[in-house]
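Asks: Read top to bottom, the protein sequences are chains A and B. Anchor point for the first sequence: position 359 equals 359 in my numbering, and the numbering is continuous, going up by one each time. Anchor point for the second sequence: position 36 equals 1036 in my numbering, and the numbering is continuous, going up by one each time.
No lab work stands behind these hints: they were computed from the structure. Mixed in with the good hints there might be a few duds.
Here are the simulated SDA-like cross-link-like pairs (lysine to any residue), alpha carbons at most 25 Å apart as the crow flies [stated by the list, open to error]: (1) Lys457/A with Thr1023/B; (2) Lys1082/B with Asp225/A; (3) Lys457/A with Ala390/A.
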Amino acid sequence: MLLLGGFGLRSQTERADFVYVNSSGINTLDPAAITWNQDIRVAINLWEGLSAYAPKTARAIPGAAYAPTVSDDGLIYTFTIRPDARWSNGEPVTSADFIRGWRRAIEPGTAADYAFLITDNVAGAKEYYQWRNDAVGQLSSMKPGSASQRSRLEEHAREMETRFARVGMEAVDDQAFRVTLRRPCPYFLDLCAFPTLMPIHRSIERLRINRDDLGLTREGLVIYDAQWTKPTPRKNGYPGLVTNGPYRLNRWLFKRRLRMVVNPHYRDSDSMACRTVDMLVFGDINTAIMAYEAGEVDFLPDTSVDYDHELARLSRSGQRSDIRCQTVFATYYYFFNCADESVDGRPNPFIDPRVRRAFALAIDKRVLSEKVIKRGDPPTDLIVPPGSVAGYVSPPTSSYDPNEARRLLAEAGYPGGKGLPVIDILYNTGFDHGKVCDVLARMWQRELGVVVSMRGKEVKTYAEDRRNRRFMIARAGWYGDYLDPTTFLDVFASDNGNNNAGYTSAEFDQLLTTAAQETDPKRRSDILSRAERILVDRDQPALPLYHHTQILAIKPYVRGLYPNVRLVFPFKYVSIER
Amino acid sequence: MTRQLIRRLLIGLVTLLSVYVITFVMVIVVPGNPFASADRSMPPEVVRALEARYSMDDNVAYFFQYLAGALRFDFGPSFQYKDWTCTQIIAQSLPVSVTIGLAAILIAVLIGVPTGVISAVRRGGWFDMTALGLVLIGVSLPTFVTGSMLLTVVAVYWHVLPIGGWGTLAHLPLPAITLSLPFAAYIARLTRAGMLDVLGSDYLRTAVAKGLDSRTVIWKHAFKIAFLPVLSFLGPACAQAMTGSFVVEKVFSVPGLGQHFVDSALNLDRGLVMGTVLVYAALLIVFNIIVDTLYAWVDPRISNAVA
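Chain B extracted, bound-state conformation (with noise of 0.2 Å):
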């Protein structure tokens, strides 16, 4: 187990270089200039400043500057913002993606979980064909529209939330429900496909043949194999929703890391591109091994096939 868990470190290593490399030949090829606006130019001497101050001009060397400093968590100063450093930026905007990141994984468990088994359960019935019906919104609406209609319904008809920002408890909820969503409607089916699939199978006849009631079977037997195709999508899943959503960010006004992703590459801020890039894929990495660790403690054929 322990070496498998240092074999997966050691891979995700090399991943994570690898992006950094493709990451820094895409910044470096990309056309444009960053330090341009749109309507002026500015003084030759002013652009040589500035480039020989964030290491423009020497590619190679600002490879392994760049490296370095990532390697001690200091990804340079941002080319767009420049009173702040790209590990500011990142430090002030991850924390508010992984609150609602977590907030909305939470969430889109608690209802795509349940649904998923009872849809399974009654398939066919009632509250299958809603859940299947809702679930089918879930998953085709964007996040652009339901947010919109929350913000408009929950805040300005209603009042009961405030409108946008970041600060108080009371800014959390309408962006994690928008983010969770779709999740939750994935969650559902993956839920409820999975406890089909366990349903039908030979031990759980045999299980209920023995007698077992139907609460135990279904919670204690089905749901901890039903559950696996969740579990691995939950890694994937956590570091998207916690890296932030462009979409949700800019709809409720929220200070998180998902902006970052568009605007900095729209800003030519290599530093930030980089920096925001690295993070997501650490990010990634880390949760796909949590995640296979889980797996492999759930469902111990994984680690008895791997040993």
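So that you can see chain A by itself, here it is in the shape it has in the complex (with noise of 0.2 Å):
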């Protein structure tokens, strides 16, 4: 029985070349849906886009193309795929697999959270992606079965390919791929390098639900069978996953093991010193640093543990210096409540800019960074992290002043915090966020007599009631998704799905619209920073506290590794030199 139950376990497994710890698993392989970092990570690794990441400063570098030419207007992207780009079955890398790709990504059926990058910069992509969500929404209150369901799936099924035909990517010829902008993006490369603009190789459609017929299901989604990124054969013939990365997928256990082996039809596959790499998976982090200290480990990408603050003390004193800390391309924040006008019947106060102004200059950023979370994370009074972004000029900003603060809410016609209702903070629970808010909490009840309520709430709930806009302060935190202010900017724009703050500047709005149509990098730059200005030096919907860092090991013996503003790791570069 014991040995029926044991199967799986073996007497010894072989060690990979370059072994990490992922703390929690993947939770998915899509390219398109992906969203988690742990995910990004390895789809990195198993795929390439037209651009990739530079591995010290994940600035993009020409990827699975050569560097594109671009029109003067910026519209126009012209890329020419290599030649040498290989999938992992040896078949060219084509235009056809990128447009698959970024289709794939836009279609409702495949529901990809950052399906924007491509709607928000292709020209024509958005109107495709509301006319085939509109028509889903239609599909789906039709009676199922019916026959008029039947024919107006067969009318959009005809049409789907005409209306997709007026969105920007176009295959000149195999190798060469133009894309055309809805408007200049002077970070478009950047974001050819993110898992949701990944190639995806043709082998996909065997496992397409209804292939057979039209391609849809009853309510016109696409939708593919979800074990598609699985490195076993399934189904018709599917091979498993093909990808054109430096690597292909060769085992996935859930939650357990991922192995990466090198992919023989990658252009640089014979220099890569790395040939495996296994990703582990302990739940506890804690395990994982017993592993690396043993050696079991090479590399831990987070060590989020209740020590990590001594962890920053060894690396800062130079005691350990495979300990790395690193400030990411991230701000952790408090917003207010901009929008409406009571909070579970009692008046919010927050409407007022003056109070929200109060409340940020109450804050002693500096105490919270250095006296509570002690692991170095640079306290801020910005929302885009300074010196991140080339070219960007951050604007000035104001501090920690207690008396401006007593003397603004004084001014909002509540001095000495008097008449203001129960301040109700949300904020989720786990990592440091219930020790962050206690201290706001304090604070702000010293600096302003103030009342508050925390209201600490596991991470699904927190975020519907964050949606729902049930609080007067709410925490909150933002990685940017490409190295431009606007992926931290967009997010307070009036018509953003993100602006969970309810904020609206039409002034501030504008700002982003214009700097979305200035091609002058100096000038966009300036508009960009007038923009964040307003946000934390005149209504401040948000309160910046400090930019994430993150504690990393790294074994001495790992070269080609370097820690980085984005995280981002592509294993192709790293050797192991013991």
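Using the hints, build the complex out of the two chains.
Replies: See the structure below:
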């Protein structure tokens, strides 16, 4: 019986050339649907977009295509795919593969969180996406299986190709791929390295649901068997996952181990030192740290433990050169409910910008960072991490000033906090969130004389409350998706789906629109800086606290692996020199 | 006997169905959106498409659809891990938990039973006192303490076994021993109490008076009866051990089923919540039936009483 249960246990497993740890399992390996950092980490090693990430800076460098030619107005990008770009089954990578991947990402059935990277930038993509969504909405509301639904579905299927032809993706030939943008996008090449914009091999079509009929579900969705990301062959002659990156997927055991082996057809495969990479899942980071110390693991991208400030101290004092502190392209902040007159029946004072400013100026972020978090996260008054985007100059801000805070609060009609309702703060439990919230609450009580109630919720219910604006102040954080200030600023645009603060400013929106049309990098940067100033020095919809610092552990014998602001690690550059 | 077994199986099925209904209601009423992430809102179109794909827009249809699937051991797709079905997740993690659980129960019986018997026979002696102390520690110390201690000493300092993970036989001993300790302590206590009870009974005194040697008296006559409470404990204990322990799996980073009980609930991953609960309930029912059958075999008074 024990032996029966123990199948899968071997006497020994072969160690990969390079072993790293993920504290949680992979959520998905479908590049279009990927949103989590740990998934991106695997995806950028299995696939290669038109661009790729430079190992040290995480900036975009040519990937599966050469550097493109760009039209003078910055709207047309013509890429030439490298003749030696190959899929892991040896077939050449073509323009059609990129169109397949990008198109799939904007299909409603894929439900890609990051579809906006394409719909916001590629000409005609938003219109196609909207048209498809409307059609799916209509088809879903019709009687399932009825003749009218069927005829509407057939009509829709016929129109799909005509409509898609208007989207700015064109396969000039197998190697030339022309992309037309809806607006100039100075960071477009950066987007081309992101998993959402990866090519997809044609074999996926073998697993398309209803492939022999219209290729659509009754609701008009294009859906594939979710098993297509598995390395093993499936029905209809599906060969298992085919990828075009430096590695191919060899084995994937749920929340246990994922093995990548070198893609023999990849152009640099001969010079790659790491032939096999293992991603191990350790649910408890403490155990992962022990495994690292014992030499079972070479790299820990995340060491979020209770004593991480101690690790940071060891690193900064030079006692442990293998432990690295990296400030990432992210901002930890709280935002105010700027929209609703009342929250849960209580009046909401935060619709007045003076109250928001007062609450922001009452927080001593240096104390928070140095005395509470103690990890070395740089305190900030800014939304866009300063110095992270080349050419972008951060606006001036005002820092901790409790006297000014009290004056503003009195001016708003709440002298000494009198007249304010109990301030409701929403945060999600876990990590340092409770600790940070507690410090903010104490500072507000001390400096402004307000009464605060903290509401810690589990992440899914917190997200629901946030989305429905059931809060006065809520915790938030933002990791930049691409190296441009707009990845942070867009969140505060009136029509942005992530603008949970409900902040609206015609002036701010106008600045973002103007910047989007501006082709001169200097002028564009100035406009965006003015926009950020509105957020951090005037309207204050958010209270920035610090830029997150990640603590990583890299064994001294690992070469070619560099901590960077995006925490992306192309393993093809890694070598082991013991 | 057969009629009794069929009756128990039928009751088990009804119990399983009730468990399903209660769990279903709970996952439906719990607040929160399973597709939500902490910092990002999803476009409404995306949410609609996902809800349609995962049958979240029609709870009644989902109830029957899931039930029909569960009867074929198809627990549907996972909401959180979109590349996996719940059946695949359970199929990969259950064998891990079963292996650790069986090993743990085996260790627990091997330690607990002899300890209990010897303690009872040498009641009040140094062995009994020491064993009682150890049992107290075994029952009271939480597994995350014993697990971390074992891990630190055996794997980190002695380098005898690997630190966490799963894949080789060397990964088995530490989690199995950690998981076995509370069971071993409880079994030792049950055996000791049972033995003390039996050792004072008339028929044993008769056996001793007849001149049987003490080994035969203890192991053949006394133990058989004293073991009954242990046997009835083993049913639920096996089910509990084999469906995984969240803490032990966390400490040793073992990819067992226990983590999914907690994670799937936190992730609002409906299919996986119901799948894990149903598997656990089914195992519990099956083990209880097995133990009751064994019980009747060991102590014929039970089956006679039923007959």
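Asks: All hints are to be evaluated individually against the structure, with a verdict given for each.
Replies: To see whether the hints hold, each was checked on the structure:
Distance restraint check for Lys457/A and Thr1023/B: the Cα-Cα separation of roughly 22 Å lies within the 25 Å cut-off, and the hinted pair is therefore satisfied. A threshold of 25 Å between alpha carbons decides the hint, and for Lys1082/B with Asp225/A the separation of about 10 Å falls inside it, so the pair holds. Restraint check for Lys457/A and Ala390/A: the C-alpha separation of about 38 Å exceeds 25 Å, so the hint is violated.
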